[in-house]
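A.B. asks: What follows is the residue order along each chain.
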Amino acid sequence: MGNKIVVLASYTSRSLAYIQAMANKNIHLSHVILFGSESGDLPGQSNSDILSAKVEGLFLPNQSESISETVKKQGWQFSQVDADNINSSEILEKVKELSPGLVIYSGYGGQIIRKPLLSLGMPILHMHSGWLPQYRGSTTLYYSILNGDDIGVSAIVMAENIDQGDIVRRRKYPIPHADVDLDHVYDSAIRANLLLEVIDDFIKCNKLPEGIPQVEDSGEDYFVIHPLLKHIAILKQKKCK
Amino acid sequence: MSEKTLNLRDAEVVYPYSTGNKLEDRNTYFYSGYYGEVFFTAWRTQRSKALALCEGKASASTLFLAFWGEDIDLFVENLPKFNLIETDTLLNILMAAQLKYSTDTSAFPLSHLLRQFVKKVEVSKRVHEEYKGAELLIDGCLKYHDSSLYLKAAYVFLTAYKDTLGLQYLNAFLKITDTLCSIVHLRGEFLIREHLSGLIDSETSIVRSLIVDAGGNCDGK
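From first to last, the protein sequence lines are chains A and B.
For the first sequence, the numbering used here gives the first residue as -12, with consecutive numbering after it.
For the second sequence, the numbering used here gives the first residue as 14, with consecutive numbering after it.
Calculated directly from the structure, the hints in this document are not laboratory data.
Just so you know, not all the hints are guaranteed correct.
Listed below are the simulated DMTMM-like cross-link pairs for lysine to aspartate or glutamate, each with C-alpha atoms no more than 20 angstroms apart in a straight line [as the list claims (entries may be wrong)]:
| no. | chain 1 | residue 1 | chain 2 | residue 2 |
| --- | --- | --- | --- | --- |
| 1 | A | 225 | B | 50 |
| 2 | A | 226 | B | 37 |
| 3 | A | 225 | B | 226 |
| 4 | B | 145 | B | 99 |
| 5 | A | 191 | A | 204 |
| 6 | B | 133 | A | 147 |
| 7 | B | 138 | A | 208 |
| 8 | A | 194 | A | 153 |
| 9 | B | 175 | A | 203 |
| 10 | B | 133 | A | 204 |
| 11 | B | 132 | A | 147 |
| 12 | B | 175 | A | 137 |
| 13 | B | 133 | A | 208 |
| 14 | B | 132 | A | 204 |
| 15 | B | 132 | A | 69 |
| 16 | B | 132 | A | 203 |
| 17 | A | 226 | B | 99 |
| 18 | B | 133 | B | 37 |
| 19 | A | 102 | A | 147 |
| 20 | B | 133 | A | 153 |
| 21 | B | 132 | A | 207 |
| 22 | A | 223 | B | 50 |
| 23 | B | 133 | A | 69 |
Over 10 angstroms on every C-beta distance to chain A, these chain B residues come out as not near it, computed from the model [claimed, not checked]:
| no. | residue |
| --- | --- |
| 24 | 36 |
| 25 | 125 |
| 26 | 220 |
Stretch by stretch, here's where chain B covers chain A in the computed footprint (C-beta under 8 angstroms, at least three residues) [to be verified]:
| no. | stretch |
| --- | --- |
| 27 | 40 to 49 |
| 28 | 209 to 218 |
Virtual Cβ for every residue (Gly too), placed ideally from N, Cα, C.
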């Protein structure tokens, strides 16, 4: 397996942020597996440009350049898998064939990686938007804002229980300015920001940093935020700056 | 569209979460749109539509079967042995435990079960009439049409939020209120019509307070 890095990415704004952030840092990727459809309508996909202010210190992707275009421009080897479910046999076989030392995962919202893929033996890295273990689950960025907490990102090695894998690295980020889109832009950018740090460690040491196991039953599980609470969180965001 | 006035058709576009039968055509809530403060107007408009169908204001106590402390202890002791758990019993026990101990204390004996129940309802958007084992597996159960269970779940989530201010409970409560509002018009849903106005009142009070704290304006009221 060695130090080969494979990215397993759906066509989402998050994947765009990851791919372009890595391209910007000239990171060598052994292979990129793109799955699903570029013009699909799955959670995390946006088929129109997202208006957002810039964020100082954070790399934001060029939305006019697609994931495929960036991958080709970088000269990375890539495969396109039509299946849009991460647990498809085609994806499993492709990852097996490539036998990477590290898989960086960026999937469609709501999909959960199952045992066959998790059992291949290589670490599958997920950048969870949320300070673990306190903020497990979905859309935790909004819950953090509502609770008056900083926004967090946690790099974890995926395990069978959602968001309960070993924590490799965590970082807190400030609530951004009101003109910054939270869902697609900021959320993706902060995940990509921490991802680069973790990849840097992996490249230097040929392995991920030692992870910290999470204590079972610690923290809270959050679920897709109700639009009322989302609107209130954005009100708070506007009040902050 | 004007912020202060919103016709029903526009309100349904901005706040579609209680339109149609949400038991069958379930909400996903993923990447929901942002509309600014007109969203709150749309929410109020949609809730008013449901309120117009309500009759009276029954209280939670008329819905729940009373359980005593010994029953709660017995349930907790036997929980690992249960193969099937009837949701009606589960919700009665949860409410009894909330009233006896408050959800917010370490004495509350059913924290894990409550969290599991929140998870099941959040993921499936339904309240099933029975679950398998202490982990509340749905296991193919197709019985999810009992309105009384949705009402009871709403009260349990509301109580949990009031006790703990845990947003995960408020989130579940808002979603179940959407579902209740979407089916209140159906034939035979008398129980919903008796309880929904009280639940909407509680929801409105909580949401207004959060909006004001966040520096917003909820429909000028």
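A.B. asks: Look at each hint and say if it fits the structure.
C.D. replies: Hint by hint, here is what the structure shows:
Taken as a hint, the residue 225 of chain A and residue 50 of chain B pair is honoured in the structure, with Cα atoms around 12 angstroms apart against an allowance of 20 angstroms. Between the alpha carbons of residue 226 of chain A and residue 37 of chain B the distance comes to roughly 38 angstroms, so the proposed pair goes past 20 angstroms and is violated. For a cut-off of 20 angstroms, the pair hint linking residue 225 of chain A to residue 226 of chain B stands: about 12 angstroms separates their Cα positions. The hinted pair formed by residue 145 of chain B and residue 99 of chain B meets the criterion: a straight-line CA distance of about 9 angstroms does not exceed 20 angstroms.
This hinted pair does not check out: residue 191 of chain A and residue 204 of chain A have alpha carbons roughly 34 angstroms apart, beyond 20 angstroms. Taken as a hint, the residue 133 of chain B and residue 147 of chain A pair is honoured in the structure, with Cα atoms around 18 angstroms apart against an allowance of 20 angstroms. In summary, the hint linking residue 138 of chain B to residue 208 of chain A is supported, as the alpha carbons are separated by about 16 angstroms, within the 20 angstroms threshold. For the suggested pair residue 194 of chain A and residue 153 of chain A, the alpha carbons sit about 14 angstroms apart, so the restraint of at most 20 angstroms is met.
Note on residue 175 of chain B and residue 203 of chain A: the hinted pairing is violated, with a Cα-Cα distance of about 26 angstroms set against a maximum of 20 angstroms. Between residue 133 of chain B and residue 204 of chain A the alpha-carbon distance is near 16 angstroms, which keeps this suggested pair within the 20 angstroms criterion. About 16 angstroms separates the Cα atoms of residue 132 of chain B and residue 147 of chain A, which keeps this hinted pair within 20 angstroms; it holds. About 24 angstroms separates the Cα atoms of residue 175 of chain B and residue 137 of chain A, which puts this hinted pair outside 20 angstroms; it is violated.
The straight-line distance between the Cα atoms of residue 133 of chain B and residue 208 of chain A is roughly 12 angstroms, inside the 20 angstroms bound, and the hint therefore holds. Proposed proximity of residue 132 of chain B and residue 204 of chain A is supported: the alpha carbons are some 14 angstroms apart, at most 20 angstroms. Between residue 132 of chain B and residue 69 of chain A the CA atoms are separated by roughly 31 angstroms; this puts the pair beyond 20 angstroms, and the hint is violated. Taken as a hint, the residue 132 of chain B and residue 203 of chain A pair is honoured in the structure, with Cα atoms around 16 angstroms apart against an allowance of 20 angstroms.
Using a Cα cut-off of 20 angstroms, the hinted pair residue 226 of chain A and residue 99 of chain B is violated, with the two alpha carbons roughly 46 angstroms apart. Restraint check for residue 133 of chain B and residue 37 of chain B: satisfied, since their Cα atoms lie roughly 16 angstroms apart, inside the 20 angstroms limit. Taking the CA atoms of residue 102 of chain A and residue 147 of chain A, the gap is near 7 angstroms; set against the 20 angstroms cutoff, the hint holds. Taken as a hint, the residue 133 of chain B and residue 153 of chain A pair is broken in the structure, with Cα atoms around 25 angstroms apart against an allowance of 20 angstroms.
Between residue 132 of chain B and residue 207 of chain A the CA atoms are separated by roughly 11 angstroms; this keeps the pair inside 20 angstroms, and the hint holds. Our distance criterion of 20 angstroms between C-alpha atoms is met by residue 223 of chain A and residue 50 of chain B, whose separation comes to about 12 angstroms. Restraint check for residue 133 of chain B and residue 69 of chain A: the C-alpha separation of about 31 angstroms exceeds 20 angstroms, so the hint is violated. With a least beta-carbon separation of about 17 angstroms from chain A, residue 36 of chain B lies farther than 10 angstroms from that chain, consistent with its non-interface assignment.
The Cβ of residue 125 of chain B does not lie farther than 10 angstroms from every Cβ of chain A; its closest approach is about 7 angstroms, which violates its non-interface assignment. At roughly 6 angstroms from the closest C-beta of chain A, the C-beta of residue 220 of chain B falls inside 10 angstroms, breaking its exclusion from the interface. For the stretch 40 to 49 of chain A, the stated coverage by chain B is violated: 0 residues have a C-beta nearer than 8 angstroms to a C-beta of that chain, whereas at least 3 were required. Figure legend: the stretch 209 to 218 of chain A, annotated as covered by chain B; annotation consistent (10 residues with Cβ-Cβ distances under 8 angstroms, at least 3 required).
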